[in-house]
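Following the hints, complete the assembly by docking chain G onto the known chain U.
These are the residues of each chain, in order.
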Amino acid sequence: MSQLQVSTTVNGDPVEFLCEPDESLMDVLRDRLGLTGTKEGCGSGDCGACSVTVDGRLVCSCLVLGAEAQGREIGTIEGMAKGEQLHTLQKKFLEHAALQCGICTPGILVAAEALLKENPDPTETEVRYWLAGNLCRCTGYDKIIRAVMDAATEMRGA
Amino acid sequence: MPLDTQHENQIRDFKVVGTRPVRPDGLDKVTGRARYGADMSLPGMIFGEIVRSTHAHAKIISIDTSAAEALPGVHAVITRADFPAQQAGMIDTLDHCMADAEVLYDGHAVAAVAASSKSLARRAAALVKVKYEALPHVTDVDAAAATGAPLVKMGIESNIVDTHEFGHGDVEKGFAEADVIVERTFTTEATHQGYIEPHACVANMGGDGVADIWCCTQGHFMVRNTCAAIMGMSASQLRVTASEIGGGFGGKTCVYIEPTALALSKKAGRPVKIVMSRQDVFLASGPTASSSIDVKIGARKDGTLVAGLATLRYQGGAWGGSLVNMGAMAAFACYDIPNVKAVGHDILANRPKLAAYRAPSAPMAAFAIESAMTEMCEKLEVDPLDFRLKNCARAGTKSSYGPTYGEIGLEATLQAAKDHPHWSAPLPEGQGRGVACGFWFNFGGQTSSSLNINEDGTVGLSVGTPDIGGSRAAMCQMAAEALGIPYEKVRAIVADTASLGYNDVTDGSRTTFASGLAVINSANQAVERLCERAAQTWDIPVEAVEWKDGAAHPAGANAGNFAPLTLAEIAADSGSTGGPISGHSEINADGAGVSFGTHICDAEVDQETGRTTITRYTVIQDAGKAIHPDYVEGQFQGGAVQGIGWALNEEYIYGEDGRLQNAGFLDYRIPVASDLPMIDTQILEIPNPGHPYGVRGVGETPIVPPLATVAHAIKGSCGQRMTSIPMSPPKVLAALKGRTA
Numbered sequence: 001m002s003q004l005q006v007s008t009t010v011n012g013d014p015v016e017f018l019c020e021p022d023e024s025l026m027d028v029l030r031d032r033l034g035l036t037g038t039k040e041g042c043g044s045g046d047c048g049a050c051s052v053t054v055d056g057r058l059v060c061s062c063l064v065l066g067a068e069a070q071g072r073e074i075g076t077i078e079g080m081a082k083g084e085q086l087h088t089l090q091k092k093f094l095e096h097a098a099l100q101c102g103i104c105t106p107g108i109l110v111a112a113e114a115l116l117k118e119n120p121d122p123t124e125t126e127v128r129y130w131l132a133g134n135l136c137r138c139t140g141y142d143k144i145i146r147a148v149m150d151a152a153t154e155m156r157g158a
Numbered sequence: 001m002p003l004d005t006q007h008e009n010q011i012r013d014f015k016v017v018g019t020r021p022v023r024p025d026g027l028d029k030v031t032g033r034a035r036y037g038a039d040m041s042l043p044g045m046i047f048g049e050i051v052r053s054t055h056a057h058a059k060i061i062s063i064d065t066s067a068a069e070a071l072p073g074v075h076a077v078i079t080r081a082d083f084p085a086q087q088a089g090m091i092d093t094l095d096h097c098m099a100d101a102e103v104l105y106d107g108h109a110v111a112a113v114a115a116s117s118k119s120l121a122r123r124a125a126a127l128v129k130v131k132y133e134a135l136p137h138v139t140d141v142d143a144a145a146a147t148g149a150p151l152v153k154m155g156i157e158s159n160i161v162d163t164h165e166f167g168h169g170d171v172e173k174g175f176a177e178a179d180v181i182v183e184r185t186f187t188t189e190a191t192h193q194g195y196i197e198p199h200a201c202v203a204n205m206g207g208d209g210v211a212d213i214w215c216c217t218q219g220h221f222m223v224r225n226t227c228a229a230i231m232g233m234s235a236s237q238l239r240v241t242a243s244e245i246g247g248g249f250g251g252k253t254c255v256y257i258e259p260t261a262l263a264l265s266k267k268a269g270r271p272v273k274i275v276m277s278r279q280d281v282f283l284a285s286g287p288t289a290s291s292s293i294d295v296k297i298g299a300r301k302d303g304t305l306v307a308g309l310a311t312l313r314y315q316g317g318a319w320g321g322s323l324v325n326m327g328a329m330a331a332f333a334c335y336d337i338p339n340v341k342a343v344g345h346d347i348l349a350n351r352p353k354l355a356a357y358r359a360p361s362a363p364m365a366a367f368a369i370e371s372a373m374t375e376m377c378e379k380l381e382v383d384p385l386d387f388r389l390k391n392c393a394r395a396g397t398k399s400s401y402g403p404t405y406g407e408i409g410l411e412a413t414l415q416a417a418k419d420h421p422h423w424s425a426p427l428p429e430g431q432g433r434g435v436a437c438g439f440w441f442n443f444g445g446q447t448s449s450s451l452n453i454n455e456d457g458t459v460g461l462s463v464g465t466p467d468i469g470g471s472r473a474a475m476c477q478m479a480a481e482a483l484g485i486p487y488e489k490v491r492a493i494v495a496d497t498a499s500l501g502y503n504d505v506t507d508g509s510r511t512t513f514a515s516g517l518a519v520i521n522s523a524n525q526a527v528e529r530l531c532e533r534a535a536q537t538w539d540i541p542v543e544a545v546e547w548k549d550g551a552a553h554p555a556g557a558n559a560g561n562f563a564p565l566t567l568a569e570i571a572a573d574s575g576s577t578g579g580p581i582s583g584h585s586e587i588n589a590d591g592a593g594v595s596f597g598t599h600i601c602d603a604e605v606d607q608e609t610g611r612t613t614i615t616r617y618t619v620i621q622d623a624g625k626a627i628h629p630d631y632v633e634g635q636f637q638g639g640a641v642q643g644i645g646w647a648l649n650e651e652y653i654y655g656e657d658g659r660l661q662n663a664g665f666l667d668y669r670i671p672v673a674s675d676l677p678m679i680d681t682q683i684l685e686i687p688n689p690g691h692p693y694g695v696r697g698v699g700e701t702p703i704v705p706p707l708a709t710v711a712h713a714i715k716g717s718c719g720q721r722m723t724s725i726p727m728s729p730p731k732v733l734a735a736l737k738g739r740t741a
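Protein sequences, first through last, are from chains U and G. Start counting the first sequence at 1; every next residue gets the next number (my numbering). Start counting the second sequence at 1; every next residue gets the next number (my numbering).
Isolated chain G (complex conformation):
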C-alpha cells in the first residue's frame, strides 16, 4: 500500500477526537423529523411503478402498453425504447434497470408507469401486457460453470467471463515440503444487504431538460454521473440531493430506479416518486455473489504454513462483475505464506446484478480459508490462536495479493483475543467455541469538503459523503479538533452535487478516513486564513502567528506582545478584515490503512432441531484511531451480526423455475433481537501512518470473520464440520443424522 504522506506524532493528546458526543443529526432521527428517500413530496408529484419479469430468462416478444396508457390518471408509460441509445460504458447499468431484448432474471424490469396515485399506478402496471418466449436458465454457480450449462444470455459462448490470479512463490514446491495438507470445498449462498429502507427517489425534470433527483444513496455524485450519462444530459443539468439513508452496506452504491424515475418525469412533465416494495428490493437489488471455493493448505509438523491454494468460483448475476477478484485477493491476506496462489473465476447466472455488500467477496473467501486453517490446527493439535500468531501477516510481510504490509494490527488482535477473558472462560456443557480472523483493504478515493467560519464563531461544514451510521459526528469532531474549538460549535451537512466537487461513494470503509482527511485539510486551510487575519490585525508577519487552543497567538516573544485572538473574535471582525473565512479541500485520498479483526464466538446446537444459538460473541479489531468510539463499536457489532445472519440463516432460495422463492423478511430471515447476545467489542488503536489522526476504516472488516468463527463453534458444540453456508437448522440436522440436506 503506497503511503505518499507519512503523518508523524500521531500519538497525541486529543481533546475532541476519541470522545462520545451526541450526533448532530440525532434529534431528527429520534423524533421522526429526519427525511429519508420516501419522505419527500413535491407539488404536482405523481407515482411510478415498475413492471417486472416473471421469467428467469426469456426473450421479450412484445410489450403492449395501450391499456395502461388509456387508464385515466396515467401520465406516462415507458419501456427501454424511451431511453436514448447508450454509450458502451452504460449499457450494462441501464440493462439492469430496464431490460432491452431479453429478461435475464426473475424480477428484471421491463416497463414502468407513472400515475396520479399509488393505487392507480399499481393498476396501470398490471395492465401492461408483456409476451415472452422462455429460454433456458441457470441460477447455481457450479451448474452455470459446468460444461453444457444453459447460457445465461444470448450472444455469449460461456458463462465463465473472467479469471483473476494472485499470489507468489511456487505452490507445487510448497505442497511438496508440507507434512500435513488440508483440502476441502466450501459453498456459500447469496445474501442481501437487508437495509430496512427500500430504494426510493423523486425525480423532477423540467421542459428545459434541467432536473433534480432526491434519493437515498451511498453516493449522490455517482447517481448524477450515471443518470446524466444514461439520459444524455450534462452533469450541470442534473442536481442530486442525498436524503437521509436507511442503511446501505454497499447495496446503495449503484442506480436501480433513478434513471426510470427521470425518464418517467421527462415524459410526464411532472415530478415522479418511485419507492421499491420489499419484494422488489429482494428480487432486483443488491445480492452478494454465491460461491463455491476449493482450498488446499499445507504446513510443516512444527505448524509453519508453507503453501496455500484456492480456486474461487463466484456468480454475481447476469452481467459479470462478481467481484471474485476481491475474494481472491483477500483470501490469504491474513497469512504469511511463502507459496500462495488464489484463482478467481467470474461466472454469470440468471440472477440480479450483484451489488457490493460490506467487504464484498471477502466473507466467503474467509469462511473457506479460515475453516481450512482451523482444520489444520486440529490435525496438528495446536491452539488455533497460537497457530495464527505463528503464521500471521505482520509489518514487512509480502501480502498474498501483492503489496508489502506496513504497520498492521493483525498480530495485536490475535494476542488480544488470547488475552481476552472470553477466550479463557469455562465453556458450558454442550457449547462450542470458535475463533477466526478477517481482513479488508479499506479505500480512500476522490473527496472534497468545504468549511465556513460563521461570523458568530460557529462553523458550517459541508461534506459529500452520505452519512450512513453517524459519520457527521466524526466529521464535526475532526473539524473541532483541528480548529481547537468545542464540538458543539461545528455542524456538518451532506451537500448536494452542485455544492461540492466530486465525491466518491460512501464505501470501502473510506468515509471517516478520506472525508475526515478532507475535513482536517479544510480546517487547516481555514486556520491559515485565520492566522493571516490575526497577522494583519497585529501588523506582524503571518509566520510570527501560531494557532493553538482555538486562537491565534504571537509565536514567541519576538513576535510582539498581543493578547490571543480567538476564532470567534477573528470571525466577528472578518467583514472588515477581508471578508468571509473558509477552508476547502479537494483530494484523491491515498494511504487508507488495511484493517484486521479477530472474533470469538460461543454457540450451542440444538441436537433435535439443528438450530444454533449464539451464546457469547466478542469482536476485536484495529481501528487505527477511533474518532467516535460508540460508532466504531456499532460498526463492529452490526457487522458481526450481519455475519452471524449470513452464517446461520440468510440465503437466496431459487426454485427449479429460476424464480426467487423467499423475497420477503418473513422467509429471508435476518437476525432479530431475541436471536442474539450482547456483542462485546475491543477497539485496538495501531495508528495508520496515512492519516493525521491515525484513522483506519472500520466498517467492513467486522463481517469477514463471523462465518468461519460460527462454523468453528458449531463444530465444537456438535462435532459437525459445516462446509456450506448458511448453516441453517435443516443442514445442521442433516449433518447430525449423517445425510445431506
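Pulled out of the complex, with its shape left as it was, chain U reads as follows:
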C-alpha cells in the first residue's frame, strides 16, 4: 500500500509525515510523531481518550484519518501548557486531585478546553453532558467536574 504525504500543523509547529491511507490520526500522532499524550482507549470513538482538536473542533483522533490532517491545525495535550506555564485547567486538575490513574486525563483536558472556549460559564449539567463522551473509570467524575467548574471561574476572572 503506497503511503500518502501529508503537510499539517501540530500545536503550532509545521509538520510533514507519511501515512497509510487507512491510518488514523491517532496512530499518526502516537506512532509517527511521538506524541503519545494522546491515548488509545477503544479505537472506536467511545471513550474520548484520544481527543484532539482539528481546526479548533473537538474530535476523537481514532475516528479521523491521518490524511485528513492535510492543511489543518491539530491541537493535542502536548500543546496545552505554554512552556513551563500550565493551562488553568491543568493546574486545577492537580489542585483538585481530579485524576487517579491519569490515562483519560489528556483527553478530558483537551475536551474541557474546547468546552470553555465555546461556553466560558457552563453549569454543572453542561459540563457533565459535554464530557459524557470521555470515559473515566477511576474518579466517578466528581473531582473532574469540580476542577473544570473552578477553572472556568478563574478563567472568567482572569
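No lab work stands behind these hints: they were computed from the structure. We put the beta carbon where it would ideally sit given N, CA and C, even for glycine. Hints may be right or wrong, so weigh each one.
Below, computed lysine to aspartate or glutamate pairings styled on EDC-like, alpha-carbon distance capped at 16 Å [claimed, not checked]:
#1 G/K118 x U/E16
#2 U/K91 x G/D82
#3 G/K118 x U/D22
#4 U/K82 x G/D28
#5 G/K118 x U/E20
Estimated spans, in silico, between C-beta atoms of each pair [unchecked claim]:
#6 U/S7 x G/G206: 35 to 43 Å
#7 G/T19 x U/A158: 44 to 52 Å
#8 U/L18 x G/G18: 49 to 57 Å
#9 U/P14 x G/G269: 56 to 64 Å
According to the in silico footprint, chain U covers these stretches of chain G (three or more CB under 8 Å from chain U) [what the hints assert, rightly or not]:
#10 17-26
#11 461-470
#12 664-671
Frame of chain U, contents of chain G only:
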C-alpha cells in the same frame, strides 16, 4: 485478624499526613509526558498481534501458519508449540494466554504473529488458518451447574470443581428460633473492570536469553516470576519495569500478553510490542464471576438476627478459581449472627478466566445479603439503619468467616449515616432512598522499599508497588512525616524488579498500608543512621541523640550542649562521616485492618422506560487514617460509581452460540459524567492498630454496598424488588409490567 505489632499513640499531631499536596507524578499526567504501557518504543521494535478463537468451545484440529510466515515483513509466528513444556503450577496461566489442544471461550488466543508494522501484523494474523471441531458449550452459571450440563472442557466429570464452607453455630436451630424468615434467590451478571488503558507491553529478549519487559501491570514482580517460569528462565534473566498504569482495579494482577510477547521476541530476535484492542480486552481479560445466590435469614420479632444461610454459585471462566470463597467469607461479615453458614460452589463455564475486580466476589454476596436484610426490615417494620445498628459486627464479634474482630468502624459508619443530612433530607416525589453496608478484608503481604538521603538533603524513595491512583503522594507524605522534613523534599519512584526485593501485587487495598509501612520502616532506619552520624560528630553515645522535627538533637542536658544537626546538614557531610545514608525495609506486612462502609442513595425510576437515575449518593467509610484525603475520597467516589454501573447497566451478554455480543464500550456501557450526581463522601478515622499511623486500606470496600443500596432505592421509587443485576431498563420495565425481561 492477627495483630503481631500493636502500634500505640496513634492519635498524634501529624504535620504532613492528612494534608492534600499535589502528587509528584501530577505534572507528567496533565501534560501528556507520563508514559503508559503502549507509550514505549524501542529501536528495531516490531508489532505483535494475537489470533483468537471464534468458538466458545472447540478442539483445535490444525493451525496452518505458512501463509502468514510467507508474508514479507513478518518476523515470527508462534503457537502453543513454541512455548516450553510447563510445570504443573503454570499450565492454567499459560493455557489462558495461549490455547493448547482446545479453545475454551470466545476470544481464546490460539496463535500470534510479529511483523514490522501494525497493519502488516493484522494482515498476517488474518492469514493464520485454524481448523476447529466445535464442542458443546455452556456460559450461564446455573446451566453449567445443572445435571447433564455440557462439560466445559475435555477430561472433567463435572463443572462444579470446588466447594467452600464458612460459619459457626447451628443454622437449623437458629431458624427454629426465628419469628420471621426471609428467603430469596439473587443473580448477578459478569462485569469487566473497564480500565481505560488496554493491556500493553514491550518484550525484548537478546540472543543470550536475557530479557526486559515494559508493561502496564499492578505487579511487575508477579509478571517477572510468571513469565520466567513459563519461559524456563531464571528471575535474574528477566527484568520487568512497570509503566504508568491506566487503571487496573484487579484486572492487571495477572499476565495476558506478556509471555506471548516474550516468545515472539525470542523467535524474532527483536523487541516486540503488543497492545490489546478494546475488543480483546473485553473478550479475553478480566471479567468478574457471574453469580447465583440463595439467601435465608431469620430474626426474632424484636429485630435480633438469629440465623443466616447462603449458598453461592459463582462461575469464573473455564479454569476454576471463581473466588467464590471470598464471596462466602464476606457474605455475612457485617453482622453478628449466632448461627451462620455460607457455602460457595466454584463452577466452570466457557468464559475467559476471571480476574480480580475491586473487592473480588464481595459485591455480589453483599447484594444478596443486604437485599435480604432490607426485606427483613420491611417485614419487621423497622428502620434499616436501626436494624443494622442492632445487629452489626463490633469489636469482639466472632466474624462469620472465623476471626474475632478487633477495633472496627462499621457501627461508626452506620451511626454517621443516621446522623448524615442526606438520611434526613426530604425525598422528592417519585424518588426512593436506599441504604446498605459493605465489608472488605484488606491485605498486607510481601513488600520492600528503599530510601536514599541525597547529599543536598532531599530524599529518593523507591517502592515496588505500582501507583494506580496517587499512592506515590501518600508514600512521600509518610516518608516526610517519619523524617520530619517537608513533603516537597521527597520524591518517590516505582522501581523495577532488579532494584528491590520482591513486592506483592498492588491489590487487596494493600499499597498505602503495606508499602506505607515499609516506607516508614525505611525512614526510621535512615533516622537511626542519621543519629549515628550526629553522635559521631558530637562524640557522644548514639543513645544520647534524639530525632525530632527533621534534626538530630542532644537528648537532654546530660548529652551535651550541641546545636541541632538537620537532615540536610548531616547529609551534606555524609561523604566524610561514613558514606551514603539510606534506609531499607523488607517485610511481610501483617495487621491490615478490615474495612467497612455504609452508602446512602436516592434514585428515580422512569416508569415509561425503566431507566434509573441516581439523584444523590453518599459514601461513608472508615479509612483508619486518611494519609491524603483527596485520594481517599477519590477511592470512595470511584468505587461507588463502578458499583452504580454494575447495579444499573454493565453486563457480559453471551449469545446462544456462546460468543460475547457486547465487546466494546458502546454496548458495554460504563457510567459517564452525565449519568451521575456529585458523590458525597465522609471519611471516618478509627485507627488500625496494625499500622503506625493507623492506616486501613480504602480502595475496595466502596464497590461493595452500591448494588444493594441502588436496589433499595429503586424499590422505594417504583415498588419493585429487583433480584437480578444489572437492574437495566428492560428488566425494571418488565418488573413494572409484571413480566420477566
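Hint-by-hint comparison with the structure:
Restraint check for G/K118 and U/E16: the C-alpha separation of about 21 Å exceeds 16 Å, so the hint is violated. Distance check on the hinted pair: U/K91 and G/D82 sit about 50 Å apart at the alpha-carbon level, beyond 16 Å; violated. For a cut-off of 16 Å, the pair hint linking G/K118 to U/D22 stands: about 12 Å separates their Cα positions. With a CA separation close to 14 Å, the supplied pair U/K82 and G/D28 stays within the 16 Å bound.
Of the pairs offered as hints, the one joining G/K118 and U/E20 holds, with about 11 Å between alpha carbons and a cut-off of 16 Å not exceeded. Between U/S7 and G/G206 the beta carbons are some 40 Å apart, a value that agrees with the proposed interval 35 to 43 Å. Between G/T19 and U/A158 the CB atoms are about 27 Å apart, so this pair departs from the stated range of 44 to 52 Å. In this structure the supplied range 49 to 57 Å holds for U/L18 paired with G/G18, their Cβ-Cβ distance being about 54 Å.
Take U/P14 and G/G269: their Cβ atoms lie about 38 Å apart, and the range 56 to 64 Å is violated. For the region 17-26 of chain G, the assignment as covered by chain U holds, since 5 residues bring a beta-carbon within under 8 Å of that chain's beta-carbons and 3 suffice. Counting residues of the region 461-470 of chain G whose C-beta lies closer than 8 Å to any C-beta of chain U gives 3; at least three are required, and the coverage claim holds. For the region 664-671 of chain G, the proposed coverage by chain U is satisfied: 5 residues have a C-beta within less than 8 Å of a C-beta in that chain, meeting the threshold of three.
Against the hints set out earlier in the document, violations occur for numbers 1, 2, 7, 9.
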